[in-house]
Amino acid sequence: QKEVEQDPGPLSVPEGAIVSLNCTYSNSAFQYFMWYRQYSRKGPELLMYTYSSGNKEDGRFTAQVDKSSKYISLFIRDSQPSDSATYLCAMNTGNQFYFGTGTSLTVIP
Amino acid sequence: KAGVTQTPRYLIKTRGQQVTLSCSPISGHRSVSWYQQTPGQGLQFLFEYFSETQRNKGNFPGRFSGRQFSNSRSEMNVSTLELGDSALYLCASSLGLGGGKTEAFFGQGTRLTVV
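Residue numbers (our numbering), protein chains in the order written: chain A, 8 to 116; chain B, 94 to 208.
No false leads were mixed into what you were given.
Okay, the calculated beta carbon distance ranges per label pair:
1) B:Gln111 <-> A:Arg84: 43 to 53 angstroms
2) B:Gln110 <-> A:Glu64: 43 to 53 angstroms
3) A:Thr100 <-> B:Gln147: 16 to 26 angstroms
4) A:Asn29 <-> B:Asn170: 30 to 40 angstroms
5) B:Ser163 <-> A:Gln38: 28 to 38 angstroms
6) A:Asn29 <-> B:Gln110: 35 to 45 angstroms
Covered stretches of chain A, as calculated for chain B (at least 3 residues, CB under 8 angstroms):
7) 50-56
8) 106-115
If you want the ones that stay clear, here's a sample from chain B, every Cβ over 10 angstroms from chain A, calculated:
9) Pro101
10) Ser144
11) Thr146
12) Asn152
13) Pro154
14) Glu175
15) Leu188
16) Leu205
17) Val208
Rather than coming from a laboratory, the hints here were simulated on the basis of the structure.
Given the structure is predicted, the values throughout are model-derived calculations rather than measurements.
C-beta: ideal position from N, C-alpha, C; glycine also.
Kindly produce the complete structure, drawing on both the sequences and the hints.
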């Protein structure tokens, strides 16, 4: 079993839709949780970073962490074509990063 | 503040050759990690360097090696290239070892194609 599981998609939504991206994990030692966005032929770009259970909001993006269920989510409101990318979740024990395989998202105008 | 810089951006090599990739981390960051990214496997951890010492290593053969210099710049070397080594190689820098309590910042990557 992988330590971080992420549905690869692909996910296709119309512009303006709310998008929900999710990851589950098995390692209780994970303390820090991140979401990265990766455009084609580019390196991953850090979107959100949190270390506690609950919600963290940044503009149209909300990161949610539920440590009791070992489940994290990224919500994108009012999705735009420019949000089309691969989204990777990442977690850290404090010693090493672990990444999900990424979810490919396409927002259709 | 300058980001993580990887050179070269693209490389085409022949089977059996060797290749060296370079990564300059964000100023002040002492940890550099290397990852291999392929469509089927996602991001796979190669190794991490901190203060010129390899501190952590993933499950890759010995053909993959690296080093870090006193200015935190890092190089990754792959010897005896195989077709399966074709991938996007990403470097990530962070303040602390293993990322610590901080985020990892990625470079644009080096796209290696082995023919």
